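One line per chain: the protein sequences are A and B, in this order. Read in order, the letters of the first sequence are residues 1 to 246 in this note's numbering. Read in order, the letters of the second sequence are residues 1001 to 1246 in this note's numbering.
Incorrect hints may have been included.
[Claimed, not checked] Quick list of in silico lysine-lysine cross-link-like pairs, BS3-like style, CA-CA up to 27 angstroms:
#, chain 1, residue 1, chain 2, residue 2
1, A, K110, B, K1015
2, A, K99, A, K113
3, B, K1113, B, K1141
4, B, K1045, A, K110
5, A, K15, A, K45
6, A, K113, B, K1110
7, B, K1078, B, K1058
8, A, K113, B, K1074
9, A, K15, B, K1074
10, A, K15, B, K1058
11, B, K1022, B, K1066
12, A, K15, A, K99
13, B, K1110, A, K110
14, B, K1066, B, K1015
15, A, K74, A, K58
16, A, K66, A, K141
17, A, K66, A, K22
18, A, K15, B, K1138
19, A, K74, B, K1141
20, B, K1045, B, K1022
21, B, K1045, A, K15
22, A, K15, B, K1141
23, B, K1045, B, K1015
24, A, K201, B, K1015
[Claimed, not checked] Not the full set, but computed from the structure, chain A residues with beta-carbon under 7 angstroms of chain B:
#, residue
25, S65
26, T92
27, G187
[Stated by the list, open to error] Negatives, chain B to chain A, calculated, CB over 12 angstroms:
#, residue
28, D1018
29, H1117
30, K1183
31, D1190
Simulated from the structure, these hints should not be mistaken for laboratory data. From a predicted model like this one, the values you see are computed outputs, not experimental measurements. Quick reminder that beta carbons are idealized off the backbone N, C-alpha and C, glycines included.
Number of protein chains: 2
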Amino acid sequence: MIDTLDVFSSAHSFKEEDLRDKTVVMIDVLRACSTMVTALHNGAKGVIAVGDMDEASKISRNLDSKSFLLSGEKDGIKIDGYSLTNSPLEHTEDVVAGKTVILNTTNGTKAIKRSNHADDIIIGSFLNLSAIVDHLRKIDKEIVLVCAGWRGRLSFEDLLCAGNIIYELCSGELPNSARDGTKVAFGLYDKFADDIENSIKSSNYAVRLDGIVCEEDISYCCQRSILQVLPVLNQGIISDSNGKEQ
Amino acid sequence: MIDTLDVFSSAHSFKEEDLRDKTVVMIDVLRACSTMVTALHNGAKGVIAVGDMDEASKISRNLDSKSFLLSGEKDGIKIDGYSLTNSPLEHTEDVVAGKTVILNTTNGTKAIKRSNHADDIIIGSFLNLSAIVDHLRKIDKEIVLVCAGWRGRLSFEDLLCAGNIIYELCSGELPNSARDGTKVAFGLYDKFADDIENSIKSSNYAVRLDGIVCEEDISYCCQRSILQVLPVLNQGIISDSNGKEQ
């Protein structure tokens, strides 16, 4: 399985055709995927990822106003008329249970849209890492880990999370036959595994948003396998496939 | 210097504006940059990188037929009418001395063209690694290592070479403040430093071109710091800046 697994380092680093018939794990650690996983864990009915406020308002117009919440921020400040920012810590059970969360996220949405030829799209983060790994072990399809990145560049934390998934899947022994992206993610994880939280706290994201995104958000997103959620995209809505099985 | 240094993992992973006024080291280990470095070491007057045969023939039409050589291949076979393939080992002194080499290279040419806002563009490879490092230590500008990659994806060998340059620049101690791309390249190098040749021999490039590119080519390109060439792009022509100083 590791031989055919691939890792793409940003939403710009692949052709849509490259994902045809594959299982895609979309990774955007800070913070879109961590927020989705948290919202679903806390009972949200579903999450809809949108690329901007226009798309959010277009979708929300067709929904009963009590059935959804708008999450998003501009320059770190909650958008006028929105219920929540992008912080996972605001997506608590009493706020999101039973609701559909419409989440503004530029890089994550782009990665999801460019994965439209994939067979399945699953949402990955450190928070639900073991649920992802358990699922990938069971399937028989080619797997691609798509890191959302930032404006076409790689993001340290996304590639580190991809590396952690790979490390678990191959029990720490990467075969020589692994592909380039897989080796890069694995190498990064191998180097920084002992210091995930601190290394992410000095990542470009953290530096770029210093003073805007609180440190608690980042600490929270660095916790591994604390939520047994397996978010799967279906007809534009991300919902918890593990929850459904239970 | 390491704090402001950045690494881009492919020709698609940055905006042209990101390189404005910076010093770019363009890295395409297999084989474009290794071939350029070798040709210049062996006395080629200059190298012109082109993206396809049309561009090559357009440029060559304006030159005296004895002054240049065409290098390139299609599916691993020398192109009709060309003197050489892309193999660095064919660019020997008796073949290239005094000539301008017009080299067909898709990913490398794209990376060079997208770096047109840079202040300087230098050609990097394992072969001239110490010449690159010596030069970077002397300059006072922001540095970007641009890995050519393959069709927008990262390439193991290019990122590994970037990691090796960074490792030398920071004497093996990467500060926490390093940028994401820098940490990724450093992590990769840290993992595979002891086994560069073997790890590159199992890279996507080597697997993709198995039977087309000979193993000797790859072994040759994995040698570190054997050539003291500093190829610099000037008005479309790459020539040896170290050679000129001597």
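Comparing the hints with the structure gives:
1. A:K110 x B:K1015: holds, 17 angstroms
2. A:K99 x A:K113: Given pair A:K99, A:K113 holds - Cα atoms ~23 angstroms apart, limit 27 angstroms.
3. B:K1113 x B:K1141: Roughly 20 angstroms between the alpha carbons, so the hint for B:K1113 and B:K1141 holds.
4. B:K1045 x A:K110: Violated, at roughly 46 angstroms.
5. A:K15 x A:K45: violated, 32 angstroms
6. A:K113 x B:K1110: holds, 26 angstroms
7. B:K1078 x B:K1058: holds, 19 angstroms
8. A:K113 x B:K1074: violated, 34 angstroms
9. A:K15 x B:K1074: holds, 22 angstroms
10. A:K15 x B:K1058: violated, 30 angstroms
11. B:K1022 x B:K1066: violated, 36 angstroms
12. A:K15 x A:K99: At roughly 34 angstroms apart (the allowed maximum being 27 angstroms), A:K99 and A:K15 break the hint.
13. B:K1110 x A:K110: With Cα atoms ~24 angstroms apart, B:K1110 and A:K110 stay inside 27 angstroms; holds.
14. B:K1066 x B:K1015: violated, 39 angstroms
15. A:K74 x A:K58: holds, 18 angstroms
16. A:K66 x A:K141: With Cα atoms ~39 angstroms apart, A:K66 and A:K141 exceed 27 angstroms; violated.
17. A:K66 x A:K22: Violated, at about 36 angstroms.
18. A:K15 x B:K1138: violated, 40 angstroms
19. A:K74 x B:K1141: violated, 33 angstroms
20. B:K1045 x B:K1022: Roughly 26 angstroms between the alpha carbons, so the hint for B:K1045 and B:K1022 holds.
21. B:K1045 x A:K15: Judged against 27 angstroms, a Cα distance of about 38 angstroms means the pair is violated.
22. A:K15 x B:K1141: violated, 34 angstroms
23. B:K1045 x B:K1015: It is violated: about 32 angstroms lies between the C-alpha atoms, which goes past 27 angstroms.
24. A:K201 x B:K1015: holds, 25 angstroms
25. S65: This interface hint is violated because 39 angstroms lies over the 7 angstroms limit.
26. T92: Violated, about 30 angstroms.
27. G187: holds, 4 angstroms
28. D1018: violated, 9 angstroms
29. H1117: The claim stands: B:H1117 keeps its Cβ more than 12 angstroms from every Cβ of chain A (closest is about 16 angstroms).
30. K1183: The assertion about B:K1183 is violated, with a minimum of 6 angstroms to chain A.
31. D1190: Violated, since 5 angstroms does not exceed 12 angstroms.
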